[in-house]
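K.L.:
Heads up: the sequence lines are chains C and L, in that order. Per our numbering, residue 1 is the first one in the first sequence, and the count goes up by one each step. Per our numbering, residue 1 is the first one in the second sequence, and the count goes up by one each step.
Stretch-level coverage of chain L by chain C, calculated; a stretch enters the list once three of its residues show a Cβ under 8 Å from a Cβ in chain C:
{"hint": "1", "stretch": "48 to 60"}
{"hint": "2", "stretch": "64 to 74"}
{"hint": "3", "stretch": "95 to 102"}
Straight-line distance between alpha carbons at most 25 Å, and here's what the computed DSS-like set of lysine-lysine pairs gives:
{"hint": "4", "chain 1": "C", "residue 1": "Lys203", "chain 2": "C", "residue 2": "Lys25"}
{"hint": "5", "chain 1": "C", "residue 1": "Lys353", "chain 2": "L", "residue 2": "Lys85"}
{"hint": "6", "chain 1": "C", "residue 1": "Lys365", "chain 2": "L", "residue 2": "Lys72"}
{"hint": "7", "chain 1": "C", "residue 1": "Lys284", "chain 2": "C", "residue 2": "Lys310"}
{"hint": "8", "chain 1": "C", "residue 1": "Lys365", "chain 2": "C", "residue 2": "Lys284"}
{"hint": "9", "chain 1": "C", "residue 1": "Lys310", "chain 2": "L", "residue 2": "Lys72"}
{"hint": "10", "chain 1": "C", "residue 1": "Lys365", "chain 2": "C", "residue 2": "Lys310"}
{"hint": "11", "chain 1": "L", "residue 1": "Lys95", "chain 2": "L", "residue 2": "Lys72"}
{"hint": "12", "chain 1": "C", "residue 1": "Lys284", "chain 2": "C", "residue 2": "Lys219"}
{"hint": "13", "chain 1": "L", "residue 1": "Lys95", "chain 2": "C", "residue 2": "Lys353"}
{"hint": "14", "chain 1": "C", "residue 1": "Lys203", "chain 2": "C", "residue 2": "Lys26"}
{"hint": "15", "chain 1": "C", "residue 1": "Lys284", "chain 2": "L", "residue 2": "Lys95"}
{"hint": "16", "chain 1": "L", "residue 1": "Lys43", "chain 2": "L", "residue 2": "Lys72"}
{"hint": "17", "chain 1": "L", "residue 1": "Lys85", "chain 2": "L", "residue 2": "Lys95"}
{"hint": "18", "chain 1": "C", "residue 1": "Lys310", "chain 2": "L", "residue 2": "Lys95"}
{"hint": "19", "chain 1": "C", "residue 1": "Lys284", "chain 2": "C", "residue 2": "Lys261"}
{"hint": "20", "chain 1": "L", "residue 1": "Lys95", "chain 2": "C", "residue 2": "Lys365"}
{"hint": "21", "chain 1": "L", "residue 1": "Lys95", "chain 2": "C", "residue 2": "Lys373"}
{"hint": "22", "chain 1": "C", "residue 1": "Lys261", "chain 2": "C", "residue 2": "Lys373"}
{"hint": "23", "chain 1": "C", "residue 1": "Lys353", "chain 2": "C", "residue 2": "Lys261"}
{"hint": "24", "chain 1": "C", "residue 1": "Lys373", "chain 2": "C", "residue 2": "Lys353"}
DEER-style ranges, computed between Cβ atoms:
{"hint": "25", "chain 1": "C", "residue 1": "Leu93", "chain 2": "L", "residue 2": "Arg36", "range": "36 to 42 Å"}
{"hint": "26", "chain 1": "L", "residue 1": "Ser112", "chain 2": "C", "residue 2": "Thr411", "range": "47 to 53 Å"}
{"hint": "27", "chain 1": "L", "residue 1": "Gly12", "chain 2": "C", "residue 2": "Ile151", "range": "57 to 63 Å"}
{"hint": "28", "chain 1": "L", "residue 1": "Ala51", "chain 2": "C", "residue 2": "Thr398", "range": "18 to 24 Å"}
In short, the hints are calculated from the structure, not lab data. On a predicted model such as this, the values are computed, not experimentally measured, just so you know. All C-beta atoms in this analysis are idealised placements derived from N, C-alpha and C, irrespective of residue type, glycine included.
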Amino acid sequence: MTGASIFTIGLLATTAYFVAAPSRKKELLWFGLFAGPYGLALIVRSAVPPIEGSQPDTLLVIFGKLVGLFAAIPALLLFQEWYGYGWRLSSRLLIALYAVAVILVLGLMAFHDRPRSIPSPGILLVILFPLVLIVDRMAGYRPPPAPHRSIIFGGLFTFFASFSYDHFAHWRSGNEVAVTEPVGFLVLTMCFGSGVARQIAAKEAERITMANEMAAARKIQFRILPTTLPSLPGFSIAARYSPMSAVAGDFYALLGADSQKFGLILADVMGHGVPAALVASMVKVSVSSSAERHSGPAAVLEELNTTLYKEAPAQYATAVYISIDHETNSGNYSSAGHPPPLLWRGDARLLEKLDGEGLLLGVRKGQEYVENKFAFHRGDRLIVYSDGLTEAESEGGTNFGDARLGALIRTEEGLSTEDFATMLLNEVHTWCHKNGDPSQADDITFVVVDFQS
Amino acid sequence: MSMTVQLREINGVTILDVAGRITLGEGSVILREKVREQLNLGKHRIIVNLAGVSYIDSSGLGELTSAFTTAKNRGVTLKLLNLTKRVHDLMQITKLYTVFDVYDDEGSAIESFSQ
Numbered sequence: 001m002t003g004a005s006i007f008t009i010g011l012l013a014t015t016a017y018f019v020a021a022p023s024r025k026k027e028l029l030w031f032g033l034f035a036g037p038y039g040l041a042l043i044v045r046s047a048v049p050p051i052e053g054s055q056p057d058t059l060l061v062i063f064g065k066l067v068g069l070f071a072a073i074p075a076l077l078l079f080q081e082w083y084g085y086g087w088r089l090s091s092r093l094l095i096a097l098y099a100v101a102v103i104l105v106l107g108l109m110a111f112h113d114r115p116r117s118i119p120s121p122g123i124l125l126v127i128l129f130p131l132v133l134i135v136d137r138m139a140g141y142r143p144p145p146a147p148h149r150s151i152i153f154g155g156l157f158t159f160f161a162s163f164s165y166d167h168f169a170h171w172r173s174g175n176e177v178a179v180t181e182p183v184g185f186l187v188l189t190m191c192f193g194s195g196v197a198r199q200i201a202a203k204e205a206e207r208i209t210m211a212n213e214m215a216a217a218r219k220i221q222f223r224i225l226p227t228t229l230p231s232l233p234g235f236s237i238a239a240r241y242s243p244m245s246a247v248a249g250d251f252y253a254l255l256g257a258d259s260q261k262f263g264l265i266l267a268d269v270m271g272h273g274v275p276a277a278l279v280a281s282m283v284k285v286s287v288s289s290s291a292e293r294h295s296g297p298a299a300v301l302e303e304l305n306t307t308l309y310k311e312a313p314a315q316y317a318t319a320v321y322i323s324i325d326h327e328t329n330s331g332n333y334s335s336a337g338h339p340p341p342l343l344w345r346g347d348a349r350l351l352e353k354l355d356g357e358g359l360l361l362g363v364r365k366g367q368e369y370v371e372n373k374f375a376f377h378r379g380d381r382l383i384v385y386s387d388g389l390t391e392a393e394s395e396g397g398t399n400f401g402d403a404r405l406g407a408l409i410r411t412e413e414g415l416s417t418e419d420f421a422t423m424l425l426n427e428v429h430t431w432c433h434k435n436g437d438p439s440q441a442d443d444i445t446f447v448v449v450d451f452q453s
Numbered sequence: 001m002s003m004t005v006q007l008r009e010i011n012g013v014t015i016l017d018v019a020g021r022i023t024l025g026e027g028s029v030i031l032r033e034k035v036r037e038q039l040n041l042g043k044h045r046i047i048v049n050l051a052g053v054s055y056i057d058s059s060g061l062g063e064l065t066s067a068f069t070t071a072k073n074r075g076v077t078l079k080l081l082n083l084t085k086r087v088h089d090l091m092q093i094t095k096l097y098t099v100f101d102v103y104d105d106e107g108s109a110i111e112s113f114s115q
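Turn these sequences into a full structure, and let the hints steer you where they fit.
P.N.:
Encoded structure:
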């Protein structure tokens with residue numbers, strides 16, 4: 001019975017090792033490889049009454065012995081995981097010596113007419129193991145600090161004591177009944193399990209902290225984005241923001257809205273996740289402060305470029321800033337490596353690109369940006385977007401693309417601003433479904449502005 | 001397909017033949033490591049050959065830019081060779097072609113170092 005349960009534990013541990021691929025620990029493998037064969041050897045030993053001379057060893061007995069002998073090797077490797085290699089690799093040497101002894105004993109057994117009279121190589125361990133520990137200690141070797149080491153070592157020593165006791169008993173009585181060893185093993189399993197469980201609990205606590213921090217970061221991130229867009233007479237504005245992970249590098253804002261002018265910025269920090277989100281926060285602060293001083297689009301981007309270049313080396317961003325004047329029905333814009341905003345001309349039913357000539361932000365110190373002008377009329381629609389929109393990939397690896405976006409703007413021109421934004425986000429999300437699941441490779445952000453007067 | 005980088009050296013110029021996808025994560029990390037390795041080895045003439053690059057995303061482009069600026073800060077010139085249409089388009093949108101030295105054939109790229 002004991003053998004069967006130990007065997008099962010070993011099987012479970014080995015399986016667990018191979019299933020827990022990324023975070024797997026060697027300890028689990030060694031434990032599994034030790035417990036499995038060891039349990040098997042116990043089963044065989046209890047199935048065949050080991051009385052010297054009563055019958056010749058059957059194949060089963062030899063098999064059991066073989067497996068049992070080799071099981072000690074992973075047990076030693078398990079010990080080494082915690083203990084380290086010892087003084088002058090002494091624990092390594094011990095394992096090598098034992099392996100040689102096993103092979104030697106097996107060789108002798110094959111040719112000996114009374115194989116049971118050959119001492120078990122386990123005796124070697126019983127003698128050498130404490131010796132190695134004592135020599136290491138005297139030579140000043142200290143095992144590396146590890147969590148829950150005392151529990152694990154306690155288990156290992158209990159097992160070793162029971163193992164030694166049984167080996168001495170076998171040696172004296174000549175039989176091979178396992179007396180205290182299975183009990184020792186049980187203690188080891190419990191200690192090992194408790195050690196692993198505590199480690200898992202600690203990892204889980206760490207993971208929960210991380211998850212909480214990410215949730216907090218996500219909240220902050222959403223706070224830097226406008227929750228409601230200001231309603232401006234003569235304009236209807238809708239925005240959509242769909243981050244790829246908990247936090248994102250895309251950022252948009254409406255700034256300095258007064259009776260005559262407002263500014264619209266959309267920025268995309270290269271990369272994703274926490275680093276990009278941190279830079280996005282930096283972008284927000286820089287842009288808000290320059291917009292407060294009523295700087296023009298080029299000045300805003302130049303300041304942003306300086307901030308990124310100085311404060312966030314090797315972090316780059318694309319951005320477009322559009323300043324819209326509703327007294328003169330005209331806009332000024334500057335682009336820094338950003339996909340050109342699209343302007344749908346309602347009366348002519350034509351799509352124009354607001355091309356800019358600006359370099360990616362954060363690359364070159366003191367980079368200057370040019371400003372371009374455009375006029376708008378009632379019925380025009382402006383779409384400002386991040387490249388996550390047009391580069392959304394389908395299952396077959398095709399990009400959503402400029403052409404598809406253009407076609408939607410044309411065919412769906414009758415939709416209200418909000419409905420158009422909802423439709424567009426749905427289309428992109430459907431486009432990048434893979435195996436029936438949404439699969440987004442980049443943050444998707446866009447702002448739609450309808451000119452109504 | 002993941003990304004691979006092969007190294008060659010011609011007339012004292014180190015050429016990194018990049019193939020596959022340079023995207024967020026593995027691809028861009030490999031590129032960064034390889035360029036850094038060459039810089040640490042004291043190589044000061046580096047060409048990144050992008051002929052085999054099927055796809056690059058903005059993170060990949062950021063990585064390329066960062067490699068360029070790191071090299072420049074150490075007084076090393078990093079030039080680009082054989083942009084595929086995709087890389088070329090991205091260079092156009094981001095105007096990075098004004099930053100990088102870009103070549104269409106290997107001979108003139110190598111020669112450009114001796115001028």
